[in-house]
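Top to bottom, those sequences are chains A and B. Per this note's numbering, the first sequence starts with residue 5, numbered consecutively. Per this note's numbering, the second sequence starts with residue 362, numbered consecutively.
Don't read these hints as lab results, they were simulated from the structure. From the three backbone atoms N, C-alpha and C, an ideal C-beta is built for every residue, glycine too.
If we take Cβ atoms under 10 Å as the criterion, some of the chain A residues that face chain B in the derived model are: (1) 114; (2) 158; (3) 170; (4) 176; (5) 177; (6) 178; (7) 182; (8) 200; (9) 201; (10) 215.
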Amino acid sequence: MSKEQNDSGLTTLPGQLEPVMVGRRLFLRYAGAAVAGGAVLASCKDEENPTTVPSSVDLGTGDVGILNYAFALEQLEAAFYTQVIATPYTGMTDAEKTLLTDIRDHEIIHREFFKAAIPAANRITDLTPNFTGITFTDRTSVLSTAKAFEDLGVAAYNGAGRLIKDANYLLLAGKIVSVEARHAAAIRDLLNPKSADFAGDDIVSPTTGLDPATKPADVLPTAQKFVQTPLSGANLPTA
Amino acid sequence: MNLFKLISEIEQIDPEANERYSFYSRRNLIKYGTNLAAAAIPTLMATTFNQAFAQTTTAPSQAAIDVANFALTLEYLEDEFYKNGLAASGLIPTTDRTVISQISKHETAHVNLLKTALGAGAVAKPTFKFPTGTFTTYTTFLATARAFEDTGVQAYKGQAGTLINDKDILQIALQIHSVEARHASEIRRMQGLKGWVSDTSQTSFTQAGINLKTLTGKSDDAIREAFDEPLTKDAVLAIVKPFLA
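Chain A with its partners taken away, still in its complex shape:
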């Protein structure tokens, strides 16, 4: 079952509105690596054009780099929730499906917004997700992953705010981060209804009442676990 989900995620590249220009050869390479191992990979290798497979994606510099950083995170979230709705976990209630469909749509809108807002010349490629660790048939696996994504997104936006130079971009990030925080609370409440977990002591400091703010250098290693394409934030602003 898990294999089937993984195949599905790779084949359809969930989260994309339109067919993704990944190319059959690139897909085969990833599918081969993930599913069939060395034999398929080797058979594909000869027809592979090396220039179509970036060894690493550099998010870039300055505000555009931060926008790419946000774009990368939104791509992962959108892909994840697209898969969640495409293959609902066992026992998903109508109310849960409505809520998760809402979140999926918000994340797709965020992704498409960044895609349109970042000049094409500076924009990172569409990323290939890696959701092999997620069991999409299992409610706890899905919602726990959703919780991790949303909390990570909140902390990432909170940490990136200070790196943004343009006030317009800062406001846009602000418009999105609170929506991610709303998602986080809702997902956490699904996992443990009417408890303190929606803004639990595990995430919001009980002493200061503050959500975390995490630097890109600390967010990217976590995000990298969910994306096949290597991401580099080496040139992002740090102060």
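Given chain A's structure and the hints, the job is docking chain B onto it.
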């Protein structure tokens, strides 16, 4: 000092507020912020925000101090609201007390954080009044909570640009902002609403010049929900004013 509208409101209630406020200077802020108040609060909290305000290289701008006092006033209001609610017998059902207590805890923490940071420059707590029924009818209480939380999210968001040159303070404002959004989501869902805002009076589907309706093909509601809009200080004060005694 460029005092904003709220301060004059507070002055009408508390004639000494202006005197206290004038007494304040940037030097006092840093002095009291780092020494006096730090003794009264846990070390973690003190270091977090006092470092932000008492940066050795860059003193906080007047704009940042004004924003912090604006935020403090909102947090005073929220803090008092939840404390009164929890104290009102028979108001909050047992099933919901854990949630309300968690929110109340955060609002108290926010008040302490901001008060500590501002030190002698902190605005005094205004006297608040709440409409009849606020603490006797649970649906009214929840509706008021939702209004406060959604407004809080909009208020912090509206001030972000003002803080763009005060990086440490900006970051802390953002860290409060997302917590208010968590609260807003939870309160809304306890009311049977969605956790996100779809303001039907919002008829523009454009962000940064990009038309999201044609771009994504998603529903009007989804596009409205995907971006929380800010409120200006004046708009927030107009919402808060009825609660000032």
